[in-house]
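J.: One-letter residues, chain by chain:
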Amino acid sequence: MQLWSKNNKNYPDFWKEYLSLFDKRKQKVSQKEIRFVAFDTETTGFDFEEDRVLSIGAVAIKNNSIAVADQLEVYLTQEVFNEDTVEIHGIRKNGEFTKVSEKEALQLFLEYIRNAILIAHHAGFDVQMINKALQRNGLGKLKNKILDTSVLFKNSKHLVYRDPGRSYTLDELCKDLKISQSDRHTASGDAFITALAFLKIVSKLNRDKKIQEIGDLFILK
Amino acid sequence: MKNTIAERIQDFLKQFPPFDILKKEELLSVSGQIRVLYVEKGDYIFKQDTSCHNEFYIVREGAVGLYRGVDNDESLVDVCDAGDLFGLRIIIIKKNYRMSAKADEESIVYAIPAKVFEPFIQENKEVNRFLMETFAAHARNYYTETEKGQRIDNTISIEVAKDISELRSISYRKKPVTCSLDDSVKDVAKKMTKKKVGYVVIVDQNKYPVGIITDEDIRAKVATGLFSLESVVTKIMVSRVFTYSKKLTTVEAQIALIKHGISHLCITKDGTRNSKLIGILSEHDLLVSFGKNPSVLIKEIKRVKKIQRLRYIRKQVEKLLKSYLEQDIPTIHLLNIISEINEALVARIVELSLKEINSEPPIRFSFMVLGSQGRREQLLLTDQDNALVFEDVPEEKYETAQNYFLELANKITKGLHTIGYKYCPAEMMASNPRWCMSVSKWENQFKSWMTTPTEEGTLLSSIFFDFQYVYGDSLLVEKLADVVFEGVNKSNRFLGLLGVSALQKPSPLGFFKQFLVEQNGEHKDTFDIKTRAMMVLIDAARILTLYHNLKGVNSTLKRYEKLAELEPKNAAVFDGCAKAFRVLVKFRTRQGLLQKDSGRFIKLNTLSKKDKLRLKRCFRPIRDIQELLRVRFQLKSLM
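For the protein sequence lines, the chains are E and S, in the order given. Numbering-wise, our numbering puts 595 at position 219 of the first sequence, and it's gapless, one number per residue. Numbering-wise, our numbering puts 399 at position 407 of the second sequence, and it's gapless, one number per residue.
To be clear, the hints were calculated from the coordinates, so they are not data collected in a lab. Computed from a predicted structure; not experimentally measured. All residues carry an ideal CB built from backbone N, CA and C; glycine is no exception. One or more hints might be untrue.
[Unchecked claim] Chain S side only, calculated, beta carbon under 8 Å to chain E, not exhaustive: (1) T(-4); (2) I(-3); (3) A(-2); (4) I1; (5) Q25; (6) I26; (7) R27; (8) V28; (9) Y30; (10) E32.
[Said to hold, decoys possible] Listed below are the simulated PhoX-like cross-link pairs for lysine-lysine, each with C-alpha atoms no more than 25 Å apart in a straight line: (11) K408(E) with K94(S); (12) K187(S) with K238(S); (13) K39(S) with K580(E); (14) K595(S) with K516(S); (15) K(-6)(S) with K438(E); (16) K33(S) with K551(E); (17) K39(S) with K438(E); (18) K94(S) with K438(E); (19) K580(E) with K33(S); (20) K33(S) with K530(E); (21) K6(S) with K16(S); (22) K578(S) with K314(S); (23) K408(E) with K33(S); (24) K550(S) with K522(S); (25) K94(S) with K580(E); (26) K39(S) with K408(E); (27) K33(S) with K586(E); (28) K(-6)(S) with K475(E); (29) K408(E) with K107(S); (30) K94(S) with K585(E).
My request is simple: use the sequences and hints to build the entire structure.
T.: Shown next, in the form of structure tokens:
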């Protein structure tokens, strides 16, 4: 009990606010009002310890549509800088965008996502990247429910074509779902593409009667 | 803060009206407020008779159909594809939807909140006008469809047939039927019956309108016994009279009628109620004139500043064509009107391309259309066939001149492509250096086709000899016509070769009088109405016009008309050909509208028995004219 109150004191307000959103006693919202947030991070590399988040792009899905007004696009100042990945993402250290510190970015992100269900492509990577950043700043892990479009997509494919061991890239998804690939490799562009892919996949799963309600999405492996 | 997603949405929206009118930052703020919807085939975006959403829509990808009727009784009114707006009701009247919007294929649709867009509608007249027109166009479809056969009756087509200029007359009636305040209901009913109208305007001693009575009032208030026949009209009249000045545009009139839920508008001298009544505009009159007025379309074409907008107009033309076909307007009028509009479209694209190129043409030139468009027989969009001729220049300046016009032609053909004319697969376009030349080079080309005929030359000349001036210096085109007619010598082998090619066209019917369908390829089992039927009639008319040196008679129908005058003994054959051609044009156009293509390949199973017989009847004149050619040019020896 002492430990809890000690922690409580040290946590910044935004983290406490964030945690309170996951209070089980709060009443449930209807299917229609459930808020999803599709997000993507661009990072300096793939090492969870060494590499850092360069930018976060996110956009909300509500009532089966993407709400462009409900979006987030943040760029982070860098201490770790990996010359090699600049080519892909086009975000330079002290480049043209206004940037915020890692802590500020996390605050903006948490205030933005609230208790939404998070959607990302190969979500494990992006979530782990964020969790590591949270950890560096003395905070806990993300509490949100998480959906991975690569997993959902695999399930939407017909059994005959399904290859359980296979992992689909976002490019392959775009091709298969006929999504235009402009702005690939910007966090916001990928978040938007992920959101579109999500709508298309869910619609397909629904039609094929593979899911009845949103909860079913979490059972798919 | 940066918003990449909104920027991408903006990139899309700015290509289309009315968004192209907005300033960059305005559009960006709109883009940031959009909802992106994904709908699968068969999903509804909204349903008829439900309250309207607080947003309107633009198709990003795919196609959304607008339907009238509910459940199993839905009929398609319009299809919106990328860039088309729908669901504009929220902006205009905020009442229940009159149509359903349903995805025809999987689509992505942007929903634009009405609140976000409203300021621009109020501030920007052009935005306002465009939205009104789009809304009106959809609503118009709705009305014409529902009231087909009732209110849009045959009188219209008779009127049109009488004189095309009728279409250009203003749409309100100049001598409204009126009565005075102390007339009885019976008097008024008699008057309405005598004049065959459904309304009477009650005017005071100054001739100011004070009320209106329609059939409905008499039915609801008198026939039910509520008022006696002897009551004065003021007892049953509706005194909510809506008055407008004669400057009222058709779109404004339509919106007014829908908004107030009325069927008649009074036109007064200064537009107010306290002014003399000078006319009446009924919903019916409006429908008749509305959108069916080619002169309005042509005026609009001349005003347009963006090619995208021309594409939109071209779509309107297709609707116009459809309604003409439904009204069974004579083919010759149909061809005239649509050709006028098509030529205005092409001319406007030339003008816009010249503007874009931003330097004056160094010398005089002329842009012409060829083939079916050259004969003014093109109703549906087909491939583009066109050419460019410019003034002669000294040898050393030739390349520079040609390069300028090639660049221009490139822009023109691209523009034509944008509005829906496909590129010609054989590159018979002005952007091809072969068909973008000086007058004397063209003359040489024509002469060589005629003096040393080859198969290719014969084929090309059958396309190039039907040219129509569209833009620039018409004298240059006339020069070319002179060359053609000078070159044709009556005993010339050239005419004979043209004749042979007309006889070698595959025949329409087999030995057992069955339709001959295509045996293989993409169009297997369809009937090729162009090659098997229309081409022979077109070729024969051209050959005989050349034979008679009939300059300036370019259309197949006019050619047969003239030929009948010149050769009275063959008049019956020529009349038959003209008649057959008229029927074939309509067949092809109907089929094209149905299949959304050029209509060339007819699916025989879509035709009724009666239609098949009508089609077969057209083949007799084809045989007759082929025989006539054979005899005239002694083609047996050449074949």
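J.: Has the given pair, K578(S) with K314(S), been kept, meaning a C-alpha gap of at most 25 Å?
T.: 11 Å, holds
J.: Should the hint that A(-2)(S) touches chain E count as held when the rule is a Cβ pair under 8 Å?
T.: Where the cut-off is 8 Å and the nearest Cβ of chain E is about 6 Å from A(-2)(S), the hint holds.
J.: Could you grab the alpha-carbon distance between K39(S) and K580(E) and see if it respects the 25 Å cut-off?
T.: The given pair, whose Cα atoms are some 22 Å apart, holds under the 25 Å limit.
J.: Given the hinted pair K6(S) and K16(S), is their alpha-carbon gap at most 25 Å?
T.: 8 Å, holds
J.: Regarding the pair K39(S) and K408(E), is the alpha-carbon distance no greater than 25 Å?
T.: Holds: K39(S) and K408(E) sit about 19 Å apart, inside 25 Å.
J.: Holds or violated: Y30(S) as interface residue toward chain E, Cβ cutoff 8 Å?
T.: Result: holds, 4 Å to nearest chain E Cβ.
J.: Against the 25 Å threshold, does the CA-CA distance of K33(S) and K530(E) hold or violate the hint?
T.: 22 Å, holds
J.: Taken at face value, is the distance from the CA of K438(E) to the CA of K(-6)(S) at most 25 Å?
T.: OK: K(-6)(S) and K438(E) at ~22 Å, within 25 Å.
J.: Given the proposed pairing of K33(S) with K551(E), does the C-alpha separation stay at or below 25 Å?
T.: 19 Å, holds
J.: Within a Cα-Cα threshold of 25 Å, do K550(S) and K522(S) meet the stated pairing?
T.: Holds. K550(S) to K522(S) sits at ~19 Å (cutoff 25 Å).
J.: Please work out if K94(S) and K438(E) have their alpha carbons no farther apart than 25 Å.
T.: 21 Å, holds
J.: Decide if the proposed pair is consistent with the structure: K408(E) and K33(S), CA atoms, cutoff 25 Å inclusive.
T.: 21 Å, holds
Of the numbered hints given earlier, the model fails none.
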